[in-house]
Structure formats: C-alpha cells, structure tokens
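Going down the list, the protein sequences come from chains A and B.
Following numbering that gives the first Met the number 0, the numbering of the first sequence begins with 0 at its first residue and continues without gaps.
Following numbering that gives the first Met the number 0, the numbering of the second sequence begins with 0 at its first residue and continues without gaps.
Note that these hints are calculated values from the structure, not bench results.
Do not rely on the hints blindly, as some may be mistaken.
To be verified - Using 35 Å as the maximum straight-line C-alpha spacing, the simulated DSBU-like pairs for lysine-lysine come out as follows:
hint	chain 1	residue 1	chain 2	residue 2
1	B	Lys102	B	Lys87
2	A	Lys59	A	Lys42
3	A	Lys59	A	Lys120
4	A	Lys59	B	Lys87
5	A	Lys42	A	Lys120
6	A	Lys120	B	Lys87
Nothing here was measured: the structure is a model prediction, and the numbers come from that model.
Okay, here's what each chain looks like letter by letter:
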Amino acid sequence: MAKFKKKKKGGSGAINTASLPDIVFMLLFFFMVSTTMKEVEMKVITRLPEATELSRLERKSLVTYIYVGVPMRQYQRSHGTEPRIQLNDQFATPEDIQSFIAQEREAMREHERPLMTVSIKADYDCPMGIITDIKQALRRAQALRINYSARQGDDLAYNF
Amino acid sequence: MAKRDIQEVNAGSMADIAFLLLIFFLMTTTMDTDTGLTRMLPPPVLDDQEPPPPIRERNVFEVLINAQNQLLVERQPMALSQLRDAAKEFIENPLNLDHLPAKEMVDVPFFGTVPVTTNAVISLQNDRGTQYQMYLAVQNELQAAYTELRDEISRRQFNRPYRDLTSDEQAAVRQIYPQRISEAEPRNFGGRN
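Construct the entire structure; sequences and hints are all you get.
If you want it as structure tokens, here you go:
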C-alpha cells in the first residue's frame with residue numbers, strides 16, 4: 000500500500016533562501032542604529048512625572064542626564080531615604096554638579112558645546128527644593144538648556 | 000589552460016549569525032525616546048549687576064505654588080484646570096482690559112501690523128516643598144496656553160496647525176505670542192523645607 004507517494008521528480012524545487020540574510024541584516028542594522036544601551040546603572044528610583052506638551056530630545060550626544068529620586072532599596076542603608084542626586088554612577092550633592100557639567104562639556108566637540116542640554120530625570124514625588132538646587136547649580140555652570148523629563152499623560156491626570 | 004571551477008561559498012550559516020546578532024540587539028534595545036518639557040534657564044545673576052527695572056504690574060502674570068501644591072494666581076486661589084484659560088486670557092488680552100498687559104502695534108511678516116502684548120511675562124514661583132509633579136503640571140499648562148494660542152492664530156491665518164508651518168511662518172507666530180515664562184529667584188516662603 001502506497002499511502003505515502005514518492006515525490007515526483009518534477010515537483011517544485013526548494014525555495015530560494017538566498018535573500019533571507021539580506022532581510023535579516025536589514026532588520027539587524029535597524030536595531031543597531033535605533034538601540035541605545037543603558038550607560039548608567041540606576042541607583043535612584045525615578046518614576047517620571049506626566050505631561051502633555053512634550054517635545055522630543057533629538058540628539059543623544061548633546062544630552063547630559065541628572066537623575067533625582069529616592070535611593071533604591073539596597074542603597075537606602077548607606078544613603079538614606081531622602082531624594083538624592085545621581086550623576087553617572089554615583090550619588091552626588093548639588094555642589095558636584097558644576098564640575099560634572101564642566102567635565103561633560105569638555106568631552107563634547109567644541110562646536111557642539113553651546114547646544115548642550117541637561118535632562119533632569121526626577122521622580123514625580125520629589126520636593127522642588129532639590130530641583131531648585133540643581134537649577135541654581137546649572138545656572139552657575141552656564142548650562143542653561145534644560146529638559147524636564149516626563150512621559151505622555153492624559154489630561155485627566157491632573158486631580159490636584 | 001584548464002578552466003577552474005569557482006567554488007561557491009556556503010552562505011547558509013550567514014542567516015544564523017545575523018539572526019543571533021539580531022536577537023541580541025532586540026533584547027538590549029530600549030525604544031523609549033526621551034521626551035520632556037524643554038526650558039531655558041536665566042543666566043546667573045552676578046553680584047555687581049544692577050537689578051532689572053521693575054515690570055509694571057499689569058504685565059506680570061504671577062503664579063505661586065505653595066508646599067501644599069495649591070495655586071495662587073494673581074493673588075487668587077485657583078484650580079489647576081482653570082490655569083490654562085486664565086493664562087490664555089492674560090497673554091492675549093482679547094478685550095483690551097486695563098488690568099491685563101498693554102498692547103503695542105508690531106509689524107509682523109505675513110500678518111501685517113498687529114497688536115501684540117509685547118511686555119507680558121508669566122512669573123512662576125514655587126516653594127521648596129512643592130511636589131515636582133505639580134510644578135511640572137503648572138509648566139505644562141502654561142506651555143499648553145501658548146501652544147493653543149499659536150495654533151489658533153496659525154489656523155486662522157494659514158489654515159494649518161502651528162507645527163505644520165514653515166520655519167518663517169513659525170517665527171512670525173512666535174513674534175505675536177513670544178513665550179516668556181520667567182522663574183523667580185528661589186525663595187523659601189511658608190512650610191517645610
């Protein structure tokens with residue numbers, strides 16, 4: 000009983016997969032270009048506030064980040080539970096900002112330095128005191144373009 | 000001369016390698032684009048600098064936020080939901096009222112000579128205890144007031160929203176509604192630190 004017929008010799012041949020690598024490479028390049036590696040290890044908790052009138056930060060190479068928030072659980076023993084500033088991988092005080100900005104600016108190309116933007120990624124529940132300190136330090140450091148990082152929210156979020 | 004057969008390189012594993020890399024980048028990628036409210040800080044005040052001349056009261060829209068996240072707008076308590084309309088009325092001064100900013104006739108390209116509230120300033124002051132979300136919400140509402148006004152006039156003049164205008168047209172609209180949100184020097188008034 001020949002339930003399984005032998006394939007005829009003249010059947011359609013194997014599908015040509017020569018273009019598969021091309022397609023995969025195309026996807027690969029897309030992800031390589033669009034990806035941003037996490038550069039710093041977060042030591043503070045930043046739950047971003049919500050806003051509606053957002054603009055996009057265009058060029059990542061011009062942006063310097065300042066993180067503000069309550070230290071993560073494993074750091075609370077050594078750094079307390081009050082909101083703290085994180086610059087790069089370290090906890091910092093507002094006095095450190097000026098030298099940090101100078102250092103970041105030094106690392107930039109010269110013609111890009113005036114376009115430097117500082118993005119403040121702060122937890123929504125922070126008191127404004129620490130933010131004000133940061134802003135004053137940034138003014139002294141002549142880093143005047145700032146960006147309050149926020150995520151898209153809906154209008155109904157405002158029930159103050 | 001004997002013709003040599005050119006050996007074909009087996010490229011079947013290329014797809015595997017590419018897939019491997021692809022999956023790696025898929026895993027490590029974070030697609031979140033950074034968004035936020037962009038602001039310019041005022042340059043630092045030098046000690047020997049003369050204080051700026053006082054601004055007439057009708058030209059200032061004073062917004063205060065206290066440590067309990069309550070708003071005081073032009074000395075009146077206000078809910079956040081009303082702030083946008085109040086700010087719009089202040090910036091535009093549609094009825095030419097005396098307590099709202101004075102208008103000046105300004106030549107603007109595309110528009111001709113139009114009345115503009117040239118000296119209007121929104122002054123924002125907050126307490127050290129104000130919650131960051133509240134501060135940002137107020138900034139957001141003020142920004143929205145400007146955005147709405149610019150959109151309205153763009154639609155009237157060009158039949159397009161502000162963001163679809165050319166850069167020249169945007170500059171003209173910005174000349175009519177310049178965004179001036181000033182943040183006062185920090186002061187600690189009332190409440191916890």
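Going down the list of hints, with the structure as the test:
1. B:Lys102 x B:Lys87: Between Lys102 (chain B) and Lys87 (chain B) the Cα gap is close to 15 Å, so the pair holds against 35 Å.
2. A:Lys59 x A:Lys42: holds, 21 Å
3. A:Lys59 x A:Lys120: Within the cut-off at roughly 14 Å; holds.
4. A:Lys59 x B:Lys87: holds, 34 Å
5. A:Lys42 x A:Lys120: holds, 13 Å
6. A:Lys120 x B:Lys87: Given that 35 Å is the threshold and the Cα spacing comes to 29 Å, the pair holds.
Consistency note: the structure conflicts with none of the earlier hints.
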